[in-house]
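Asker: Position 20 of the sequence shown, counted from 1, bears residue number 20 in the working numbering, the numbering being contiguous throughout.
If you're looking for bench data, these hints aren't it; they were derived computationally from the structure.
Just so we're clear, the structure is a prediction, and the values are computed from it rather than from any experiment.
Virtual Cβ for every residue (Gly too), placed ideally from N, Cα, C.
Warning: the hint list may mix true and false statements.
[Unchecked claim] Label-pair distances were calculated between CB atoms; the ranges are:
#	residue 1	residue 2	range
1	V13	Q39	21 to 29 Å
2	L44	R15	31 to 39 Å
3	V23	A65	30 to 38 Å
4	V13	T40	19 to 27 Å
5	M72	L30	15 to 23 Å
6	Y77	T40	39 to 47 Å
7	V23	L44	32 to 40 Å
8	R15	A65	30 to 38 Å
9	L44	I18	24 to 32 Å
10	A36	V13	29 to 37 Å
11	D64	A22	19 to 27 Å
12	V16	E66	28 to 36 Å
13	R28	K68	15 to 23 Å
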Amino acid sequence: MDTSTGKRKDRGVERVLIEADAVQTRIRELAAELDAIYQTETPLLIGVLTGAVTFMSDLMRAMDAELKIDFMAVSSYG
Numbered sequence: 001m002d003t004s005t006g007k008r009k010d011r012g013v014e015r016v017l018i019e020a021d022a023v024q025t026r027i028r029e030l031a032a033e034l035d036a037i038y039q040t041e042t043p044l045l046i047g048v049l050t051g052a053v054t055f056m057s058d059l060m061r062a063m064d065a066e067l068k069i070d071f072m073a074v075s076s077y078g
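Sequences and hints are given; from them, build the entire structure.
Answerer: What follows is the structure in structure tokens.
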């Protein structure tokens, strides 16, 4: 943290709502839950580009199940 401004230096983030360790812990818990549900099936993980890439990468690495992945792009129209 930059003590002169009180702001975090990384990526312009002013404050962290959920610490990285807590996010990683929850991802591991979610992976275990999904592994238990899909013991005999191959789940398909679908991520919305580009925001889901990092989360899906972490989730896939934490899972033991054989899985398939795909991504989709979406856009909003005002």
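Asker: All the hints need checking, so say for each whether the structure fits it.
Answerer: Here's how the hints hold up against the structure:
V13 and Q39 have their C-beta atoms about 39 Å apart, which leaves the hinted 21 to 29 Å range violated. The hinted range of 31 to 39 Å is satisfied by L44 and R15, whose Cβ atoms lie roughly 36 Å apart. Roughly 21 Å separates the CB atoms of V23 and A65, a value that falls outside the hinted 30 to 38 Å. Range check, V13 to T40: about 42 Å between beta-carbon atoms, so the 19 to 27 Å window is missed.
Hint check: M72 to L30, Cβ distance near 20 Å, so the stated range 15 to 23 Å holds. For Y77 and T40, the Cβ-Cβ distance of about 41 Å falls inside the hinted range of 39 to 47 Å, so the restraint holds. As the Cβ distance of V23 to L44 is approximately 23 Å, the hint placing it in 32 to 40 Å is violated. Here the CB-CB span from R15 to A65 is close to 36 Å, well matched to the stated 30 to 38 Å.
Between L44 and I18 the CB atoms are about 27 Å apart, so this pair conforms to the stated range of 24 to 32 Å. Evaluation of the 29 to 37 Å hint for A36 and V13 yields a pass: the beta carbon distance comes to about 34 Å. Hint check: D64 to A22, Cβ distance near 22 Å, so the stated range 19 to 27 Å holds. Here the CB-CB span from V16 to E66 is close to 34 Å, well matched to the stated 28 to 36 Å.
A C-beta distance of roughly 21 Å is found between R28 and K68, which places it inside the suggested range of 15 to 23 Å.
Comparing the model with each earlier hint shows violations of hints 1, 3, 4 and 7; every other hint is respected.
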